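Following the hints, put chain B in place on chain A, whose structure we already have.
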Amino acid sequence: MPASVENQQFGTSRRGTITDQALAGIKVLDISGTVATAYCGKLFADYGADVIDVEPPDGGFSTRQLAPHVAGVHDPERSAMHSYLSANKHSVTLDVTQQTGRAMFLSLAADADVVLEGAKPGWLAEIGLDLDALQTAAPNVVLSSITWFGQTGPYAQYAGTDSVCHALIGMVRGIGPVEGPPVLPSGYQAQITAGLTAYIGTMGQVVARELGNVSGATRLDTSIFEANLCFTDVGAVGGYFSGTTARRMGVNRFPPTYPLGIYPCKDGWLGVTALTPSQWKSFCKLLDLDIADEPQYQTTLGRLKDAPQMDSVIAERVREKSADELFNKGQQMRVPLALVPTMEQIFTIDQFVERNAFADIHHPDQGAFASPVTPFRLFKTPPRFGGDAPRLGAATQSALALSDDRFDALRAEGVI
Amino acid sequence: MSRPKLLNGIRVVDLSMGWAGPLAARHLADMGAEVIKVEGCVRFDWWRGWEATQSWIDDDNAEKSVAFNTVNRNKMDVTLDLSKPEGNKLLKRLVAISDVVVENYSAGVLPKLGLDYPNLKQANDNIVMISMPAFGTNGPWRGYRAYGSTVEHASGLPHLSGKAEWPPTMVHVAYGDAVGGLNGAAALLTALRHKAKTGEGQHVDLSQAECLFPLGAHGIITQSATGKAPERLGNRSREHAPHGVFPVAGDDRWIVIQILSEDQWLALADLAHGALGSFGTIEDRLARVDDLEQTLSDWTRTFEANDLMATLQQAGIPAGTVRANVELVGEPQLEARNFWKFMERRHVGNQPHPVAPYRTDAAPFDIDAPAPTLGQHNTEILRGLLELDDEAFAALQANDIIGTRPRMA
Numbered sequence: 001m002p003a004s005v006e007n008q009q010f011g012t013s014r015r016g017t018i019t020d021q022a023l024a025g026i027k028v029l030d031i032s033g034t035v036a037t038a039y040c041g042k043l044f045a046d047y048g049a050d051v052i053d054v055e056p057p058d059g060g061f062s063t064r065q066l067a068p069h070v071a072g073v074h075d076p077e078r079s080a081m082h083s084y085l086s087a088n089k090h091s092v093t094l095d096v097t098q099q100t101g102r103a104m105f106l107s108l109a110a111d112a113d114v115v116l117e118g119a120k121p122g123w124l125a126e127i128g129l130d131l132d133a134l135q136t137a138a139p140n141v142v143l144s145s146i147t148w149f150g151q152t153g154p155y156a157q158y159a160g161t162d163s164v165c166h167a168l169i170g171m172v173r174g175i176g177p178v179e180g181p182p183v184l185p186s187g188y189q190a191q192i193t194a195g196l197t198a199y200i201g202t203m204g205q206v207v208a209r210e211l212g213n214v215s216g217a218t219r220l221d222t223s224i225f226e227a228n229l230c231f232t233d234v235g236a237v238g239g240y241f242s243g244t245t246a247r248r249m250g251v252n253r254f255p256p257t258y259p260l261g262i263y264p265c266k267d268g269w270l271g272v273t274a275l276t277p278s279q280w281k282s283f284c285k286l287l288d289l290d291i292a293d294e295p296q297y298q299t300t301l302g303r304l305k306d307a308p309q310m311d312s313v314i315a316e317r318v319r320e321k322s323a324d325e326l327f328n329k330g331q332q333m334r335v336p337l338a339l340v341p342t343m344e345q346i347f348t349i350d351q352f353v354e355r356n357a358f359a360d361i362h363h364p365d366q367g368a369f370a371s372p373v374t375p376f377r378l379f380k381t382p383p384r385f386g387g388d389a390p391r392l393g394a395a396t397q398s399a400l401a402l403s404d405d406r407f408d409a410l411r412a413e414g415v416i
Numbered sequence: 001m002s003r004p005k006l007l008n009g010i011r012v013v014d015l016s017m018g019w020a021g022p023l024a025a026r027h028l029a030d031m032g033a034e035v036i037k038v039e040g041c042v043r044f045d046w047w048r049g050w051e052a053t054q055s056w057i058d059d060d061n062a063e064k065s066v067a068f069n070t071v072n073r074n075k076m077d078v079t080l081d082l083s084k085p086e087g088n089k090l091l092k093r094l095v096a097i098s099d100v101v102v103e104n105y106s107a108g109v110l111p112k113l114g115l116d117y118p119n120l121k122q123a124n125d126n127i128v129m130i131s132m133p134a135f136g137t138n139g140p141w142r143g144y145r146a147y148g149s150t151v152e153h154a155s156g157l158p159h160l161s162g163k164a165e166w167p168p169t170m171v172h173v174a175y176g177d178a179v180g181g182l183n184g185a186a187a188l189l190t191a192l193r194h195k196a197k198t199g200e201g202q203h204v205d206l207s208q209a210e211c212l213f214p215l216g217a218h219g220i221i222t223q224s225a226t227g228k229a230p231e232r233l234g235n236r237s238r239e240h241a242p243h244g245v246f247p248v249a250g251d252d253r254w255i256v257i258q259i260l261s262e263d264q265w266l267a268l269a270d271l272a273h274g275a276l277g278s279f280g281t282i283e284d285r286l287a288r289v290d291d292l293e294q295t296l297s298d299w300t301r302t303f304e305a306n307d308l309m310a311t312l313q314q315a316g317i318p319a320g321t322v323r324a325n326v327e328l329v330g331e332p333q334l335e336a337r338n339f340w341k342f343m344e345r346r347h348v349g350n351q352p353h354p355v356a357p358y359r360t361d362a363a364p365f366d367i368d369a370p371a372p373t374l375g376q377h378n379t380e381i382l383r384g385l386l387e388l389d390d391e392a393f394a395a396l397q398a399n400d401i402i403g404t405r406p407r408m409a
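If you read the protein sequences in the order shown, they are chains A and B. Under our numbering, the residues of the first sequence are numbered 1 to 416, in order. Under our numbering, the residues of the second sequence are numbered 1 to 409, in order.
Excised from the complex, chain A in its bound form (with noise of 0.2 Å):
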């Protein structure tokens, strides 16, 4: 697999441009650049808002020191990570902590619709930047703040990390070996699903005001911990009214689904999930098992009880023949199998190269790299398909219209 996609079906040519996106005069500042912030405001970029990045001039947002860097070097312009984070947004650098650079951060916020901010709670308002202080430049502005616990409450200056958050919220418990330590998800998974969620917030209040709902400027609060609840409020609530909670099962076994789980074929990987009685009677034709009729068998708590005896003749059934075949076959017949490709597969795999599910992210120090595309597609107003990530403070003569003589001015004084 190349590194670059730019050449296949999919290139370029597909990206929108600004004017007939769906989110075209549109702008937000993002004055932090956790994963999180960065996330919600890359959703804004890529469908079409002006996205101005305010980075600190010394070295600029803590994405740019994340993993993978380009060719190993570990230089603010080489973090691949970042450079996915940042495709189609504007840089600018501004230290708002000093007196003159929150001055020109104020003016550069004009009229905007949203800032994204993810400090600790209480900065803000220590630097003069709170939202009393931005409504006079933007009177409709959203101060969309996404923290690990919120702005409020007793973690509210807790440290986070992804990990932490998945722990706190019951979804660790369930993951790994019957004897511990669990395991934890890997990357940014945590923060991605926050700023999905600060997205859908701040967009509800954006549309509220286009729509004529709502006017005026708004704080929002989004915590990641609490976004992340969406994958075990469920759970929770079941808890709650049962008072019970079930023990660590294994890897890939979780109540109440079985058959569930990922098994090496002779090519690759198959992912089994079979829940409502016809998938299990299908799924037992399929593996040729004549156990598709025992009465014990017919609901997925009483398969779940003999899983440790039914997963190895699974294993055993699947490990000399094709996942592929399995899989399309499966399916034919209605059971949600899937192939579980690894990171080199999966940008070759029919299905996401049909659907443009990858572009490529340039970047100048870089060059050019795929990288997932937004995913969710509106048709009419397509969203961009990769794009150019901009070098640190690229934008800053430009966005806040800088003399060369007063650019040079500011930089010695670090402002920017």
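Bear in mind the hints are in silico, worked out from the structure with no lab data behind them. Treat the numbers as computed from the prediction; the structure is a model and nothing was measured. Errors might be hidden in some of the hints.
Derived contacts from chain B toward chain A, CB cut-off under 7 Å, selection only [claimed, not checked]:
1. TRP166
2. ASN183
3. HIS194
4. ALA196
5. VAL289
All residues carry an ideal CB built from backbone N, CA and C; glycine is no exception.
Just chain B now, with coordinates in the frame of chain A:
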């Protein structure tokens, strides 16, 4: 108090079932849209139950699913048998006076009923309609069937969790559902902005499998930008130590501790009063990580999880108790922020509901009503909104087009 009026004036027809589609529509309902859920008495929302028998129906079990109740609050519910001409026609009349349609059938179902986008566009030229099948509305897998687990499988995400010697490792029984639902809500609001600006509706789709790609972006991009997939290191990191899940007092009790800076390490070593004294620089800690984890575990095991979390957090160290589902209602941070709202509902009793996961400075969004019972609003919708007379309404009941109890096929 009542729910916010942000989306007042927006009417949504919710044809979706299960978790993803109903969650997408719930976000709009939570923001004040009028959401009308459409079910059949035979084809009712499968999240009410997927193993229906006559005795299951007789015991009103279709009204007892807490899963269903959690994603359908703030909605109204009308029954319509869409496979019969009368039901089909009434749905089109409803769409004609609505702004949004949400559906998550597998591809092929709505075209067969004559209720796909081209058909519904004839009923309402400016309708915004979202289709949320597992793999999208086009491509060779468009008709394939999936649950949230299938979607997680197909996204490749399991290759990014667990240890190298394990099979690809799932993180949830239905990870793809909630993520698909969030993307659906995001898509609808994006399309509603275009509609507010121009008056134009449009068709929107998403692939629930693709919705998980951003969550796995770190792995996908590592592959495309460096030519190699990330290593599967379990809970460890190549850059930080200690970094993982450690035992605390009690049976199957654990805490996450991730030391990400030298300051945090020094704070931890200080709290441990010499127990970690033999470990030094990050290079040393990474080189002796087995030892380090064992020594730290011996120390963490002497604490109760929540006490240790508070102690570590007060010293600036990222730490979190590995909670069980039964600990979430009553969780201190959630309590302080009024995250759970209790509401009485027939057949269920007093059920806690998670509030919308975004709030203004003033307060969490209030919730007007718990999930509707099957056909609860048949009269309001059909007699009221669609202005059917007594005779027509009675005919729908007599012909099993509508009803308020499930029926076996």
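Structure-based check of all given hints:
1. TRP166: Holds: closest Cβ of chain A sits about 5 Å from B/TRP166, inside 7 Å.
2. ASN183: Holds: closest Cβ of chain A sits about 5 Å from B/ASN183, inside 7 Å.
3. HIS194: It holds, given that the least Cβ distance between B/HIS194 and chain A is near 4 Å, below 7 Å.
4. ALA196: For B/ALA196, the interface hint holds, since the closest Cβ of chain A sits about 4 Å away, which is under 7 Å.
5. VAL289: Violated, because the Cβ-Cβ distance from B/VAL289 to chain A comes to roughly 14 Å (cut-off 7 Å).
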